[in-house]
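Q: Residue-level listing of the chains:
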Amino acid sequence: MHRPKFNRVTWARGRVLGAVAGLAITTIVACYPGEPSNIGELDMVTTVYDTAFNYQTNRTFFQLDTVIHIRDTANPADTVFISRQFDQEMINLVRTNMVNLGYVSVPSGTQPDVITAISITASRNYQAYSFYPWWGYPGYGWPCCVGGPGWGWPTTVVTSYRVGSVFIDMIDVTRSISTDTIQVIWNGTLNGPFEGTEAVTAQRLDRLFNQSFVQSEYLRLLAVSPTP
Amino acid sequence: MKRIVLALIAVPLLSASVAEAQGDWWWGAEYTVSVPLGATKEFTDNTSWRGATLEARKILSQNLTVGLLFGWYVFDEAKVQTVSRPGLDVTGLPYNYLNSFPIQATAHYYLGKRRGTRLHVGGGAGVTINERRTDVGLYRIQETKAQFSVFPEIGVSIPLNWSLRGVLAVRYNYSLKSGDTPAQEYVGISVGLAWN
Chain X
1 MHRPKFNRVT WARGRVLGAV AGLAITTIVA CYPGEPSNIG ELDMVTTVYD
51 TAFNYQTNRT FFQLDTVIHI RDTANPADTV FISRQFDQEM INLVRTNMVN
101 LGYVSVPSGT QPDVITAISI TASRNYQAYS FYPWWGYPGY GWPCCVGGPG
151 WGWPTTVVTS YRVGSVFIDM IDVTRSISTD TIQVIWNGTL NGPFEGTEAV
201 TAQRLDRLFN QSFVQSEYLR LLAVSPTP
Chain U
1 MKRIVLALIA VPLLSASVAE AQGDWWWGAE YTVSVPLGAT KEFTDNTSWR
51 GATLEARKIL SQNLTVGLLF GWYVFDEAKV QTVSRPGLDV TGLPYNYLNS
101 FPIQATAHYY LGKRRGTRLH VGGGAGVTIN ERRTDVGLYR IQETKAQFSV
151 FPEIGVSIPL NWSLRGVLAV RYNYSLKSGD TPAQEYVGIS VGLAWN
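Protein chains in written order, with the working numbering: chain X, 1 to 228; chain U, 1 to 196.
Because the hints were derived from the structure by calculation, they are not lab data.
This one's a predicted model, so the numbers in the text were calculated from it and none came from an experiment.
Cβ coordinates follow ideal geometry from the N, Cα and C atoms, glycine included.
Estimated spans, in silico, between C-beta atoms of each pair:
#: 1; chain 1: U; residue 1: Y139; chain 2: X; residue 2: A77; range: 20 to 30 Å
#: 2; chain 1: X; residue 1: T96; chain 2: U; residue 2: K79; range: 22 to 32 Å
#: 3; chain 1: U; residue 1: Y139; chain 2: X; residue 2: R207; range: 13 to 23 Å
#: 4; chain 1: U; residue 1: R140; chain 2: X; residue 2: V200; range: 18 to 28 Å
#: 5; chain 1: U; residue 1: L88; chain 2: X; residue 2: G196; range: 26 to 36 Å
All chains, full assembly: derive it from the sequences and hints.
A: This is the structure in structure tokens:
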């Protein structure tokens with residue numbers, strides 16, 4: 001192939017080709033992969049336990065029949081109302097998981113080895129971000145491109161969302177009496193956006209409560225309930 | 001991120017002006033698929049289907065070029081994980097991302113006739129900016145490190161006309177460990193066009 005002398009048209013074509021190829025490729029890269037596709041993917045389950053405590057010494061438990069709703073009385077404006085719609089379901093989930101681990105539920109008035117209690121709180125978070133709408137505001141690209149595509153002015157968006165946390169506490173009754181302080185020997189914290197439909201919320205609660213016990217296999221009473 | 005996009009678009013435009021003034025250069029734009037290895041694979045296990053490589057090569061002789069390479073490769077992984085520490089277990093769905101931006105000087109040696117299909121071997125060295133990010137729950141952990149990096153390369157280019165070639169290249173990219181940031185490594189397979 002004979003190469004002609006430098007030709008401005010050909011060179012310009014090459015430059016355009018390069019720009020188009022660069023634009024096409026970088027556009028492909030800019031499509032960011034794998035963002036969360038549903039609200040439940042933002043949930044987290046954290047469990048904390050006492051490494052020195054022998055959980056095998058426990059046999060019985062008592063589940064408080066009321067979910068404690070924690071409110072920020074110092075800043076009532078930030079308080080997010082929490083419905084009691086799911087309280088009983090949460091209580092049932094803890095009770096079921098405890099029984100599955102080998103614990104025996106005792107009635108009120110009988111001293112158990114541990115008490116399990118559920119509390120819940122929610123707050124409102126605000127998020128603000130700005131972005132430049134690319135080529136999105138025809139006519140707004142002053143001073144360079146009146147009437148044509150421009151870079152547009154930055155747009156600022158403020159969103160707010162509710163964040164909720166559910167705490168499951170396991171309290172050692174004997175130690176609490178002897179020390180006169182509440183001795184929490186296990187805690188599960190379920191954290192995530194406090195949003196979603198009733199059905200989705202019920203599913204998330206079910207999954208998160210069960211997960212907190214699944215990842216706490218050391219709570220299982222081996223003499224009573226061998227590992228399944 | 002948009003500034004990086006603009007920079008990558010501007011490179012061929014700006015460099016073309018330099019080419020006109022300085023003589024015989026080849027320019028390249030490639031789509032790159034990358035397979036993670038080592039610590040990169042541990043962090044982001046998925047094959048990266050989002051990658052771009054831009055190159056400028058100055059022809060020193062019939063068989064030798066030197067030049068510059070810019071790249072942008074995006075890796076990701078999302079997998080439910082439970083992280084355990086003494087007295088603590090945390091379960092969530094972390095989204096791990098690695099944005100890798102190599103900026104490297106290159107040298108290539110070519111086999112075959114100048115106007116025919118040519119095999120080439122080469123390599124490069126420079127800096128790779130690796131941005132590692134984890135989004136889990138409502139939290140984000142991000143770390144950006146510039147790491148010294150090298151790559152060997154083997155490839156082939158096929159003439160499409162007197163000033164345009166189709167290019168296929170395979171590069172093994174290795175960024176050296178820097179502080180607490182582990183070495184990053186992946187194999188990139190690039191297809192694209194080169195022109196002068």
